[in-house]
Amino acid sequence: MTATTLAQRAWVEQIMGLPVSIHLRGPDLTSEPVAAAVAAAFAELRHIDAVLSPYRNDSDLSRWERRELKLDSADPTLAEVVSLCEEAIRRTDGWFDPRGLPDPRTGEPRYDPSGLVKGWAVERAAQHLAALAGYSWCFNAGGDVLVHAPAARPRWRIGIEHPFDPTRIMRVLELRSGAVATSGSTHRGFHILDPRTRRPASAVRAISVTGPTLLWADVYATAAAARGGGALPWIQSLPGYDALAVLPSGLVRTTNGWPAAGPL
Amino acid sequence: MRRITLWLFSTVAALVLLFSYRTSTNSGQVSAATTPMTSPATTPTTSPTSPASTSPSASASSSSGGSSGTKTYTGSAASTRWGDVQVSITVTDGKITDVQVPVYPSENGRDQEINAYALPMLVQETLDAQSAKIDTVSGATVTSDGYLQSLQSALDAAHLS
Chain A
1 MTATTLAQRA
11 WVEQIMGLPV
21 SIHLRGPDLT
31 SEPVAAAVAA
41 AFAELRHIDA
51 VLSPYRNDSD
61 LSRWERRELK
71 LDSADPTLAE
81 VVSLCEEAIR
91 RTDGWFDPRG
101 LPDPRTGEPR
111 YDPSGLVKGW
121 AVERAAQHLA
131 ALAGYSWCFN
141 AGGDVLVHAP
151 AARPRWRIGI
161 EHPFDPTRIM
171 RVLELRSGAV
181 ATSGSTHRGF
191 HILDPRTRRP
201 ASAVRAISVT
211 GPTLLWADVY
221 ATAAAARGGG
231 ALPWIQSLPG
241 YDALAVLPSG
251 LVRTTNGWPA
261 AGPL
Chain B
1 MRRITLWLFS
11 TVAALVLLFS
21 YRTSTNSGQV
31 SAATTPMTSP
41 ATTPTTSPTS
51 PASTSPSASA
61 SSSSGGSSGT
71 KTYTGSAAST
81 RWGDVQVSIT
91 VTDGKITDVQ
101 VPVYPSENGR
111 DQEINAYALP
121 MLVQETLDAQ
131 SAKIDTVSGA
141 TVTSDGYLQS
151 LQSALDAAHL
161 S
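Protein chains in written order, with the UniProt record's numbering: chain A, 1 to 264; chain B, 1 to 161.
FYI, nobody ran anything at the bench for these hints, they're computed from the structure. Cβ coordinates follow ideal geometry from the N, Cα and C atoms, glycine included. Be aware that one or more of the hints could be misleading.
Taking CB as the label site, the calculated pair distances span [claimed, not checked]: (1) B:D84 / A:A130: 46 to 54 Å; (2) B:A158 / A:K70: 41 to 49 Å; (3) B:G69 / A:L6: 40 to 48 Å; (4) A:R66 / B:S144: 24 to 32 Å; (5) A:G107 / B:D84: 49 to 57 Å.
The following residues of chain B were derived to be distant from chain A, with all beta-carbon distances above 10 Å [what the hints assert, rightly or not]: (6) T70; (7) T72; (8) T74; (9) D84; (10) T92; (11) S153.
Full structure from sequences and hints, please.
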């Protein structure tokens, strides 16, 4: 049985300002348990958005920042995210840093953990899909991907978008279980700030990081894009994670463990 | 034209020098191009900032490629602390279409150990999502506004029911 003969179904919702799609492969894709699991996954993301969105004045994040809410009386996810952000600052030597980022609406400096929240939220939401035994699933939130396929099923084929031509792809990565996150300037311009200079990072056109968790693949990709030079040796030093970087000149570099171009 | 290609060449050579401190084997990473990249290589923005210990362009030799307008330039080997590095580029109509590194340090185990990011490859494989049979796309963040134009939206649409 090949990938093309397995039944596959997709669901798409717009959450956190992002297109979020879930693809499932397996039997009975119209069954009640499948519908319930997919609905629960999207509901988890919407809940996290309501609590942690920097775009919402009434989110626990915004209220905590305005000192209207204490961390221990806020939704528990806020404390978890604040703690993870501290770990992310340590793990990335400060190249990922939610502090003092420009507010998405006003540009004023504020605490914005969004760069970590997305991957973390998708992992939480995916637990609802993981509860469906015997199904392959693929979660894509605005270009960040988390997949799983049972042993006997085909792996997921993930196209790495071509940073100079988003209508095409430059590599294919086959994953059974794991994550791919890409940071760069293709769709939103130079939006990643170098935390040391507070200026847009531009030494890397795009960098994709793959590894076991989307939380850390996404954080590492953001940090690597900010770091620019030296990003790949740094990713190389992180067990379980690999990266492919495209420089502004069009040259490509990868860490040792990045899989060679897959079969077409 | 020749002046431009020589400048491009020195940019690539300089990149190699910049990264040559970790060079090692990298064969097989530059895979066959289905569609050569046409846009990015025309405007390399990385300035040659490595020490001007060598001037590859001065000694670059060229040889004709297969088709008209295609030329391959091979620089002289540049000595680095870790060994010699030599770069060869193929230029078609003023654009780099291939980068080869015929000479690079590979003497010690560390060279072998840390290799893949050291030597330049060009983004020359562009694949059509259809022919590559991909299931999903990872790219720089797609916002809701840009979604309808994205490859991912087409892949999603194929399975919405």
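To see whether the hints hold, each was checked on the structure:
no.	hint	result
1	B:D84 / A:A130: 46 to 54 Å	52 Å, holds
2	B:A158 / A:K70: 41 to 49 Å	48 Å, holds
3	B:G69 / A:L6: 40 to 48 Å	47 Å, holds
4	A:R66 / B:S144: 24 to 32 Å	27 Å, holds
5	A:G107 / B:D84: 49 to 57 Å	50 Å, holds
6	T70	17 Å, holds
7	T72	17 Å, holds
8	T74	18 Å, holds
9	D84	20 Å, holds
10	T92	14 Å, holds
11	S153	7 Å, violated
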